[in-house]
Amino acid sequence: MAARAGEARTKVGTWIGFVLILVWCLLPVVWILSLSFKGPDETAAGSPQFLPKNWTIQNYKDILDNPDFLDALRNSFGIAAISTVLSVIFATLAAYAIARLEFKGKRLVLSLALAIAMFPVVSLVGPLFDMWRTFGLFNTWPGLIIPYMSFTLPLAIWTLSAFFREIPWEMEQAAQVDGATSWQAFRKVIVPLAAPGVFTAAILTFFFAWNEFVLAISLTSTTSSRTVPAQMSYFVGPDPFNPPYGQLATASVVVTVPIIIIVLLFQRKIVAGLTSGAVKG
Amino acid sequence: MASIDMKNIVKQYGDGFPAVNDVSIDVQDGEFMILVGPSGCGKSTLLRMIVGLEDITSGDMMIGDKRVNDLAPRDRNLAMVFQNYALYPHLTVYENIAFPLRLAKAPDDEVDEKVRAASKTLELDEHLERKPGNLSGGQRQRVAMGRAIVRQADAFLFDEPLSNLDAKLRGQMRTEISRLQKRLGITTVYVTHDQTEAMTLGDRVAVLKRGVLQQLATPRELYENPGNLFVAGFIGSPPMNFLPATVEGTSAKLPFGTVQLPPEKAEKAAGKGLLMAGIRPEHFEDASVKTDHGSGSTFRAPVDVVEWLGNETYAYIPFEAPPEVEEQLRQLERDLDGESLHTQLVVSLDGASRISEGEEAEIWVDGSKIHLFDPSTGENLTVDREHAGRIPGGAMEEAAAQPSAAG
Numbered sequence: 001m002a003a004r005a006g007e008a009r010t011k012v013g014t015w016i017g018f019v020l021i022l023v024w025c026l027l028p029v030v031w032i033l034s035l036s037f038k039g040p041d042e043t044a045a046g047s048p049q050f051l052p053k054n055w056t057i058q059n060y061k062d063i064l065d066n067p068d069f070l071d072a073l074r075n076s077f078g079i080a081a082i083s084t085v086l087s088v089i090f091a092t093l094a095a096y097a098i099a100r101l102e103f104k105g106k107r108l109v110l111s112l113a114l115a116i117a118m119f120p121v122v123s124l125v126g127p128l129f130d131m132w133r134t135f136g137l138f139n140t141w142p143g144l145i146i147p148y149m150s151f152t153l154p155l156a157i158w159t160l161s162a163f164f165r166e167i168p169w170e171m172e173q174a175a176q177v178d179g180a181t182s183w184q185a186f187r188k189v190i191v192p193l194a195a196p197g198v199f200t201a202a203i204l205t206f207f208f209a210w211n212e213f214v215l216a217i218s219l220t221s222t223t224s225s226r227t228v229p230a231q232m233s234y235f236v237g238p239d240p241f242n243p244p245y246g247q248l249a250t251a252s253v254v255v256t257v258p259i260i261i262i263v264l265l266f267q268r269k270i271v272a273g274l275t276s277g278a279v280k281g
Numbered sequence: 001m002a003s004i005d006m007k008n009i010v011k012q013y014g015d016g017f018p019a020v021n022d023v024s025i026d027v028q029d030g031e032f033m034i035l036v037g038p039s040g041c042g043k044s045t046l047l048r049m050i051v052g053l054e055d056i057t058s059g060d061m062m063i064g065d066k067r068v069n070d071l072a073p074r075d076r077n078l079a080m081v082f083q084n085y086a087l088y089p090h091l092t093v094y095e096n097i098a099f100p101l102r103l104a105k106a107p108d109d110e111v112d113e114k115v116r117a118a119s120k121t122l123e124l125d126e127h128l129e130r131k132p133g134n135l136s137g138g139q140r141q142r143v144a145m146g147r148a149i150v151r152q153a154d155a156f157l158f159d160e161p162l163s164n165l166d167a168k169l170r171g172q173m174r175t176e177i178s179r180l181q182k183r184l185g186i187t188t189v190y191v192t193h194d195q196t197e198a199m200t201l202g203d204r205v206a207v208l209k210r211g212v213l214q215q216l217a218t219p220r221e222l223y224e225n226p227g228n229l230f231v232a233g234f235i236g237s238p239p240m241n242f243l244p245a246t247v248e249g250t251s252a253k254l255p256f257g258t259v260q261l262p263p264e265k266a267e268k269a270a271g272k273g274l275l276m277a278g279i280r281p282e283h284f285e286d287a288s289v290k291t292d293h294g295s296g297s298t299f300r301a302p303v304d305v306v307e308w309l310g311n312e313t314y315a316y317i318p319f320e321a322p323p324e325v326e327e328q329l330r331q332l333e334r335d336l337d338g339e340s341l342h343t344q345l346v347v348s349l350d351g352a353s354r355i356s357e358g359e360e361a362e363i364w365v366d367g368s369k370i371h372l373f374d375p376s377t378g379e380n381l382t383v384d385r386e387h388a389g390r391i392p393g394g395a396m397e398e399a400a401a402q403p404s405a406a407g
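As given, the protein sequences belong to chains A and B, one line each in that order.
In this text, residue positions in the first sequence follow our numbering: the first is 1, and each later residue adds one.
In this text, residue positions in the second sequence follow our numbering: the first is 1, and each later residue adds one.
Read the hints as simulated data drawn from the structure, not as lab findings.
Accuracy of the hints is not assured; some may be wrong.
The list that follows gives simulated cross-link-like pairs (lysine-lysine, DSS-like), each with its CA atoms no further than 30 Å apart [said to hold, decoys possible]:
1) B:105 - A:188
2) A:188 - B:120
3) A:188 - B:131
4) B:253 - B:290
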């Protein structure tokens with residue numbers, strides 16, 4: 001009896017903790033969602049209530065009619081996707097070299113990569129701004145893709161080289177004995193085995209590029225290359241004391257949805273990717 | 001199908017350490033060759049040099065009549081089974097076996113036909129759609145073999161393929177491998193540290209120690225005519241007994257008594273001072289069970305421990321060795337990866353023997369089967385060179401140099 005009571009208590013405790021964490025994490029999200037369904041009168045009211053009195057999808061209509069927002073959405077997608085693809089390709093090759101080959105300066109490459117990852121983005125804004133203006137990269141897609149890649153590559157290289165290191169050498173040697181060239185062995189055996197790592201690296205890179213604000217706002221000047229986070233800061237509306245909260249919230253919801261979809265789609269792969277370093281399978 | 005000819009193969013690592021030193025082994029077409037030795041003897045390195053995963057420092061590696069030293073593994077057309085099987089975990093059993101064919105861009109129906117044939121041979125039919133991760137050790141082992149037999153390789157290479165299996169399965173797979181090799185008649189090089197596998201599988205066995213070939217001979221020749229102390233101690237289980245001996249005339253003085261030697265053996269060992277006598281456990285017998293004493297002699301000795309196995313009995317008789325022999329025995333023990341604490345005699349007696357522990361027993365020994373070794377060089381003085389395969393000269397010098405270097 002006592003044991004069963006203890007078990008029940010543990011169960012209740014687990015659920016309480018679970019709900020607390022959920023509320024803590026999801027409350028802001030729900031708040032934004034509810035804001036996005038409120039009309040301007042309600043958001044401007046002195047003490048708004050949590051749920052909208054009159055549900056409206058006017059905000060969504062407005063934002064999807066807003067050409068600036070659509071441009072920004074297109075930019076965000078394009079820039080994040082290109083940086084992700086390039087970053088993962090380069091990181092895979094670099095990580096493979098680091099994991100498999102003995103060369104001088106290997107440690108240097110790794111520690112340099114780590115140093116870059118720790119470098120504060122803000123301190124680079126000024127120099128980059130000047131450089132990009134000289135090179136004609138200011139306010140272009142490559143102007144954002146290049147810095148995004150340089151900040152996400154180190155993390156991707158570290159993640160992937162950990163993965164490659166865990167793949168036994170024999171796999172590759174077996175493939176070579178079976179008649180594969182080094183490239184075939186890499187492509188047909190090593191990359192599929194490192195797929196969880198590749199996914200993890202890809203998703204982390206995509207998130208970074210998708211959410212990044214400081215560089216996006218500083219290195220762009222028009223909607224031809226401005227991404228959503230930067231574009232949202234231009235949603236001021238006619239009255240500076242009354243920002244269009246509903247619009248902002250709607251934009252946030254629209255940009256969050258793709259991320260949630262991606263995470264749900266690749267959830268299992270990501271979990272495998274994040275844990276496989278710790279526990280040997 | 002091809003022969004593999006290794007000529008003066010040397011593998012030297014960056015620090016100058018020769019992992020394989022001047023080894024020459026000729027594997028005939030269709031022959032089952034075993035490379036055996038304790039860990040660190042260079043047997044795996046040698047195998048990896050055959051397949052091309054390890055560079056050759058000097059010497060010639062010939063497959064057929066082609067020198068392959070500078071060919072990539074994929075151009076040597078050899079099939080290899082790795083110690084941990086190296087199956088591709090992301091592919092099904094079917095695709096694992098098909099992998100070499102897919103790389104060779106074989107058409108789908110040919111792939112299917114060959115994979116089904118291989119899986120039938122290895123009884124893997126019901127597992128074809130499973131992933132290697134869900135298979136047992138023995139099944140994985142068979143998949144690895146399937147991947148090897150599916151292509152028309154010139155030779156099979158095995159790198160300790162059974163060491164990850166439990167004892168019972170190991171015995172079964174051993175016979176399977178032997179049967180398969182006989183049926184396919186394919187040249188095979190098989191690396192193992194297990195002398196039972198070496199004895200049972202091989203047409204010929206190459207015994208290696210610290211990168212040097214000790215003896216290359218059939219299992220029977222190795223057992224009956226070991227070229228030196230190391231081979232004598234390595235081949236056979238329980239191992240050969242080594243006792244200090246001095247030869248006077250045709251009799252050898254052992255710690256327990258005097259044994260009569262055949263004249264031709266005594267002659268080879270005459271006047272050499274203190275020698276090491278090697279006697280296999282089964283060349284002893286309980287004198288009360290043995291009716292025909294023939295060429296043997298008997299002695300009395302206190303039995304320390306008795307292990308009765310039903311069909312036979314092992315009796316252990318401790319003895320004191322003179323310091324110079326003791327040192328040599330300890331060195332040999334280290335070479336063989338062993339860790340025996342006592343100098344003792346192991347004798348294998350008939351199961352009918354009634355000798356009990358602590359008793360002083362009368363033991364018969366077959367003097368004609370005794371080998372006499374030179375304790376300083378390890379060389380077998382009484383070896384019958386006609387029936388001992390090939391014993392490279394270098395092995396003796398190496399053996400002689402080692403104890404002083406190690407001590």
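Hint numbers not upheld by this structure, sorted from lowest to highest
Every hint satisfied by this model.
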